[in-house]
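Please model the entire structure based on the sequences and the hints provided.
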Amino acid sequence: MSLNVAGNVEVRIPTILRPYTKNEKVVSASGSDLQSVIASLELNFPGLGERLLENGQLRRFINVYINDEDVRFMGALEAPIKEGDSVTILPAVAGGSM
Amino acid sequence: MVLRIPQSFADAILEQSRQEYPDECCGVILGPIGSDQALRHKPMINSAHSPTFYEFDSKDLLALYREADDNDEEIVVVYHSHTETQAYPSRTDISYASEPNAHYVLVSTRKEIAPATEFRSYRIVDGVVTEEDVVFL
Numbered sequence: 001m002s003l004n005v006a007g008n009v010e011v012r013i014p015t016i017l018r019p020y021t022k023n024e025k026v027v028s029a030s031g032s033d034l035q036s037v038i039a040s041l042e043l044n045f046p047g048l049g050e051r052l053l054e055n056g057q058l059r060r061f062i063n064v065y066i067n068d069e070d071v072r073f074m075g076a077l078e079a080p081i082k083e084g085d086s087v088t089i090l091p092a093v094a095g096g097s098m
Numbered sequence: 001m002v003l004r005i006p007q008s009f010a011d012a013i014l015e016q017s018r019q020e021y022p023d024e025c026c027g028v029i030l031g032p033i034g035s036d037q038a039l040r041h042k043p044m045i046n047s048a049h050s051p052t053f054y055e056f057d058s059k060d061l062l063a064l065y066r067e068a069d070d071n072d073e074e075i076v077v078v079y080h081s082h083t084e085t086q087a088y089p090s091r092t093d094i095s096y097a098s099e100p101n102a103h104y105v106l107v108s109t110r111k112e113i114a115p116a117t118e119f120r121s122y123r124i125v126d127g128v129v130t131e132e133d134v135v136f137l
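Those sequence lines, one after another, are chains A and B.
Each residue of the first sequence is one higher than the one before, starting from 1 at the first, in the working numbering.
Each residue of the second sequence is one higher than the one before, starting from 1 at the first, in the working numbering.
Any given hint might turn out to be false.
[As the list claims (entries may be wrong)] Chain B residues, not near chain A, derived (Cβ > 12 Å throughout):
no.	residue
1	R4
2	F9
3	Q19
4	T130
5	V134
[As the list claims (entries may be wrong)] Ranges between beta-carbon positions, derived for each pair:
no.	chain 1	residue 1	chain 2	residue 2	range
6	A	R12	B	V129	35 to 41 Å
7	A	F73	B	V135	16 to 22 Å
8	A	F61	B	F136	30 to 36 Å
9	A	N8	B	V135	47 to 53 Å
10	B	S8	A	K22	29 to 35 Å
11	B	Q7	A	G49	42 to 48 Å
12	B	S35	A	N23	28 to 34 Å
13	B	P32	A	G49	30 to 36 Å
14	B	D133	A	G49	27 to 33 Å
15	A	G84	B	E112	53 to 59 Å
16	A	P80	B	F136	46 to 52 Å
17	B	P6	A	G49	27 to 33 Å
18	A	K82	B	H49	17 to 23 Å
I should point out that these hints are in silico values taken from the structure, not numbers from a laboratory.
Built from N, CA and C at the ideal position, the CB exists for glycine as well.
Structure below.
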């Protein structure tokens with residue numbers, strides 16, 4: 001049985017978050033902006049939303065792209081989503097001696 | 001667990017760490033999905049340009065994952081340098097480690113050991129660090 005539900009966008013899930021999606025790499029979601037897309041992900045994959053948001057904002061070290069654009073340059077959670085857009089979630093690759 | 005890595009890649013990473021000193025350097029080695037083979041070295045730009053922090057540029061990160069996807073590759077090694085501290089994952093490294101299947105390589109260019117350099121590899125899964133042996137091929 002596929003966990004995918006009907007939606008207007010596909011969302012690519014990084015390895016570390018696939019336990020929430022039963023190891024599905026691409027899932028469907030719906031919404032007209034990033035906020036509602038994340039809400040729809042949380043509804044279908046409980047716990048996933050919390051890994052993306054902190055205090056109602058995108059987590060600093062989670063990158064989200066709509067097509068080729070980092071949403072931070074498109075209004076973050078208010079970034080508009082159109083039918084057929086592709087959303088990609090990638091954890092930042094970061095660290096340091098600090 | 002053990003990391004098997006071509007000596008030429010290790011040499012190139014150490015050279016990059018010296019070139020980019022005093023900033024931390026970073027990059028990846030890619031390999032076929034599921035193979036655990038470190039086959040393609042790809043240095044990355046440290047967009048933080050900092051002696052105490054590294055971060056892949058957000059656009060570079062997306063391009064890297066797209067490229068890996070197109071080639072049926074995955075990230076086998078994520079590496080970065082520590083410039084003044086030992087080659088052991090910091091709390092920052094542990095909190096941001098997000099590739100449970102990757103080998104996290106740290107090199108150190110700290111003065112106490114110059115001109116030698118440390119080259120060590122770890123698994124970082126759910127906040128737990130496990131050092132592993134490195135075999136140079």
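- Could you see if the CB distance from S35 of chain B to N23 of chain A stays within 28 to 34 Å? Taking Cβ atoms as reference, S35 of chain B and N23 of chain A lie about 19 Å apart, which means the hint is violated.
| said: Assuming the hint says 47 to 53 Å, is it satisfied by the Cβ distance from N8 of chain A to V135 of chain B or not? | reply: holds, 49 Å
Interface exclusion of Q19 of chain B relative to chain A, criterion Cβ beyond 12 Å: About 18 Å separates Q19 of chain B from the closest Cβ of chain A, which puts it past 12 Å; holds.
Next item on the list: Could you check the hint for me, namely that P80 of chain A and F136 of chain B are 46 to 52 Å apart, CB to CB?
Entry: With Cβ atoms ~50 Å apart, the hint holds.
Do the beta carbons of R12 of chain A and V129 of chain B sit within 35 to 41 Å of each other?
-> Between R12 of chain A and V129 of chain B, where Cβ atoms are some 28 Å apart, the hint is violated.
With 16 to 22 Å as the target window, see if F73 of chain A and V135 of chain B comply at their CB atoms. violated, 43 Å
Worksheet item: G84 of chain A and E112 of chain B, beta-carbon distance inside 53 to 59 Å?
Response: holds, 56 Å
Holds or violated: 27 to 33 Å for the Cβ distance of P6 of chain B and G49 of chain A? Violated, at about 42 Å.
**Asked** Honestly, do Q7 of chain B and G49 of chain A meet the 42 to 48 Å range at C-beta?
**Response** Since the Cβ atoms of Q7 of chain B and G49 of chain A sit about 45 Å apart, the hinted range of 42 to 48 Å holds.
Given a hint of 30 to 36 Å, does the C-beta separation of P32 of chain B and G49 of chain A actually sit inside it? Because 33 Å falls inside the window, the suggested range holds.
Practice task
Determine whether the Cβ-Cβ distance between D133 of chain B and G49 of chain A falls within the hinted range of 27 to 33 Å.
Solution key: violated, 39 Å
Satisfaction of the hinted span 30 to 36 Å by the C-beta atoms belonging to F61 of chain A and F136 of chain B = holds, 32 Å
When the structure is compared with the earlier hints, violations turn up for hints 6, 7, 10, 12, 14, 17 and 18 and for no others.
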